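**Student:** Put the two chains together into one complex; each comes in its own frame, and the hints tell you how they fit.
In case you want the letters, here they are:
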Amino acid sequence: MDTYIQVLTNGLMLGALYACIAVGFSLVWGVLNIINMMHGSLIILGGYLTYFAWLHLKINPLFMLLIVPPLLFLLGYLLQFVMINRVVARPVLTTLTLTFGLDMILYNLMNVVFEATPRRITMDIGSVSFMDVVLPGDRLLAMVLALALTGILYGVMRTSRTGRAIVAVRMDRDAAALMGIRINRVYAVTFAISAMMAGACGVLMAVTFPVTTNITGLLLGKAFVVCVLGGLGSVPGALIGGLALGLIESLSGNWWGPQNAVLTGSVLMIVLLMTRPTGLLGKAGYE
Amino acid sequence: MRLPKLMGFLSLASFLTFASLKPAFAADDVIRIGAPLALTGGLADEGKKQQVSYAMWAKRVNAAGGITVGGKKMKVQIIEVDYQTDEKRAQQIAEKLITQDKVNFLTAPFGSGHTKVVAGVAERYGVPVIASVASSESVFNQGYKYLFGTLSPNGGITENMAKMFTKVQPSIKKIAILGREDVFPKSMANEMKASAERAGLQVVYNETYPVGILDHATALSKIKSSAPDWIYISGYTQDLVLARKQMADLKITAPIITMITGPAYQEFITALGPVADGVTSASWWHHSAMYKSDDVFGSTQEFYKDFLTQGKGDPDYVNASAAAALITLQKAIEKAGTLDKVKVRDALAATNIMTFYGPIKFGPNGMNQGRELPIVQVQKGKVVPLFPDVIKQGTLQIIK
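Top line first, the protein sequences correspond to chains A and B.
One point on numbering: in the numbering used here, the residue at position 98 of the first sequence is 98, and numbering is uninterrupted.
One point on numbering: in the numbering used here, the residue at position 264 of the second sequence is 264, and numbering is uninterrupted.
Next up, chain B with everything else stripped away, as it sits in the complex (with noise of 0.2 Å):
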């Protein structure tokens, strides 16, 4: 091939990458709605769901006739923007879709950091940005007055595992806790301290690890010749997956052991196969809840049923919160009766409502109220809830 026609593909496989980038038509009767989202790069999986999510939603409204705002029905339309994993190019994307494509809201990315960087440039426009998947609350802690979350605070989760775990498994007396040095990792290893020692547990091992590590045998080995009856390991998936894997290869094991968030997500189990069972977390939101609501779903069961003819699988917190995060901005927009971004932030500050996800109510910090978020286990290669009782499928199972 010569080198022309060789560079002309390359260019061209590269263009298609960013091919999502088409430019938003701009028409007046349509509500706009900007969402970068991480389409390619390491957040990839994540940033999909909530794509579909709001894919779902958008159908659904526009089926309905759309949005009635002040006695007058507009449809919607996402404008989707691939920032492709990239903290600084979400920001970019951000001022963006603001300044160029006049969007009228904003949903925010994937993960407390990305919600973090899109949050602070809408709060400079004053454009009010509803974020889905950031569960820190460094996030909410900012001052910004237009950031809004559906997903609870995690500090209940390690304080609900903790005294669940005791009560049913007394003779835990040793945790090991081992967190990633990130944003949501490193708090939810530092909340499983506290809670762990509040619930009389002697913290055996606490350490974190970087961001730029390969492996883990040194930090299990040394976790190993603690002993502990619980092993707590905070991170995102594939830290997770490789933790799990390194401890069946090195023989470490505990009558209890906890992965935030893996199990929470499919892909956790699908690599793991058979040493994924019995794992223990946390998560958000499962689709055996029982919420029924208003909204464009009407019921946990009816978005469950819709969820799986997108062909795939079950639907996590993200998919769920994702679609409630749009479902609240909706309400917002109706109750003031205007696209007025002011007027429709006061509205959701005092959003009250219940969803099929759940109810949602800010907190002064526009973070979601707390809730008793579900712990689960995989048992069999299934996700099973635990806790709270409403959704319970199973009792915690020891690992032999």
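So here's chain A without its partners, still in its complex pose (with noise of 0.2 Å):
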């Protein structure tokens, strides 16, 4: 029953962090209909510049919390507004194939610069404990922010000026800017939250996981299989598919073994891509 229990919260922590890592990724194919490769590139820059904060300067790793995100905004918002503007009105393997080579560009410098061996903050914190199930503290903590910061951005969302133009945006473009939303800016904007997302991200995930710029490709891969299972372009749609995939994960790991606990997750999306291709919140609009 321990056993369980402890897989259960396995599978939740991880799920929480899985949503994290694909908020921001769903955003931008939601609402600009382009599927970001950058996005596990963007996520690892922001544990390196935690990691090296933390390394040379002793920054607290949560206190990059504050840093990174607005320094990813600004980067996330420059990339839109200067290149991914420009081709954004055309069809979705063209703004594919430009993400696909920034990132490119951006893990390649980030291969010369950082180096792609494995670097882990050494800042332990320790575990809390109930009966036999174990709940490593920095986890606990990821997952605790990684929760509230997408309850912060769905609160964004709903509330605010700048995002209720972004859900208008994603609902009917054209209707949109008749009302006087100034599209390329919402754009970038949304962008800018995505890259922002990806680099709160990073920190959380440069407190619990090695930083290294072999995993790009691996985090991108679940952010595809998040936001299949939760569907498109929602906040609410990325965690619970986050949250399920977590889960999944950490079951079929127990009951088949970790080496098919990929499989699972992946048979399961392509169920849901046959039987309800929308995802399991997914609908037309956003929110």
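Please keep in mind that the hints were generated in silico from the structure rather than gathered at the bench.
Certain hints may be false.
Claimed, not checked - Derived BS3-like pairs (lysine-lysine); straight-line CA-CA distance at most 25 Å:
no., chain 1, residue 1, chain 2, residue 2
1, B, Lys341, B, Lys102
2, B, Lys174, B, Lys251
3, B, Lys312, A, Lys58
4, B, Lys341, B, Lys361
5, A, Lys58, B, Lys380
6, B, Lys102, B, Lys75
What the hints assert, rightly or not - Not everything, but these chain A residues come out facing chain B in the computed CB check (under 8 Å):
no., residue
7, Asn111
8, Arg120
9, Ser250
What you are looking at is a predicted structure, and each value in this text was computed from that prediction instead of being measured.
For each residue, glycine too, the CB sits at the ideal point set by N, CA and C.
**Tutor:** Put into structure tokens, the structure is as follows:
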């Protein structure tokens, strides 16, 4: 029994992180119809900034939550405004190729500057345990923060003027433009928010995982699966998709061994694509 | 910044990534050795280790006037090309080195998988290729005539570990094995299972994890519930760092924790800090060995001293094996007295020499003969050899 509680908590903690990985990716895909191939690399960039700030300047990694996300927001805004906006109305393959190219540049730059050695922040903050179930402190913290960040994003989307503008553009771009919404700016802000979430996720990942460029593709893959499971372009969708994937991987890993955990997630993704292509929470509009 | 400017900057930056692809010039009195290396990408650290050792060797050889080929001294030139840890690119680059750069000989990149790719190309063109970091027999059982490798087969490692650990700690009864689904780690996991069973241990957990996994919590939780006395995990550094950390977080421990080959690399110890302590592993070489030889280094100590001047810390088995690979090639060229590829290949096959790295004698499949490989343990942040007795510096410490 204790093993099951442990497996379920492992799954939830991993799932929250998956949600955090996917939420920005889902937003850009849903609103801009861009599959952002850079997303994994942006997360790792956030991780590296956190790591080196900790290593050289002795800055507490959690403090970097105040610094890294704004920096990536800026980077995301510039990328969208200067480059991606030029092709944003083109077919999805064009934007995909552009972000793929940008990803190769960012990935290789990081390889040259940081090298691919797995590095880790050795700040062990212990674990919390009740009965035989152990909750590692850093993961617990990462989970809470990931959920909080996702919650804040949800709040911003629902209540702020910018959030409503993003939702309006997602629903009907032409109508939104006629209402006086500046589409290009909304696009840039959306992409920037996505990059900001990637940065925040990078900070959280740096606390719990070794930082290395080796896993950028892996993170992107997880974001894909979460989006398909949860439904595109919605914050609750990413949350549900992430938690579902975490639980699926954890339970199937326990039953059939870790070699089949990733497989099970992918099989479910295919089943869902055939039976419910909009995902668990997906719908035509946004929120 | 205007777009063209920004694009210009970015393309310049990415161009710099490929800057190491500079064309090699050809001269007639130089022996050209092609080296596809992973200088960027996932295996960049490992590729750079080979690079450093190749340069150390070449510097010493050229300082001595070069390699004697049929009475004439010829300088050596290493033609390095970065294949960016991309298997397909490794293949293209091996072709390019042979057909365009006209290299006389080739070295193989890091790891069993990429070695296999380059060896396949070399075989087609009949170019001798010497591999310094491939230890899986599945690379050498392809019937290749031109492939030679300086690492010994990894078969003996698990056997010696099982024997030694059960002798020192007879209370060990149960072992849990977790291996990565990949050429080398998987074979190490399978071999451990066989060795453990022969040593009378009960295998309470035996699973593999896929390459695309981000987290080990589930596997580790299951291992915990089987209460093993010995936890054995194989994989690459990033898997092992994560697995060891998650074990500490989830309060999973065992008297013996073995990770193949994490502690053989300094990166593993640096990334983990105190939790690396107590982890046992195996390596193919340790710098406390005391081999004397008539190669350009002369002895293990001399190599060690020379390596320290590079400012890269202690050398590991990759550094040593890479230098030994080129020494072996050098000896074969000298013996053949020509750069003829077939004759050098025959001389390589007949190799039976002592190097600073240890004895090198190739079996019929081109792999270095088996020998007792070092078993090591991290103790107070240092790698301490426990076995074999000639290099032993400490005894097995049980993890509390």
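**Student:** Please name the hints from earlier in the document that this structure breaks, with their numbers sorted from lowest to highest.
**Tutor:** none
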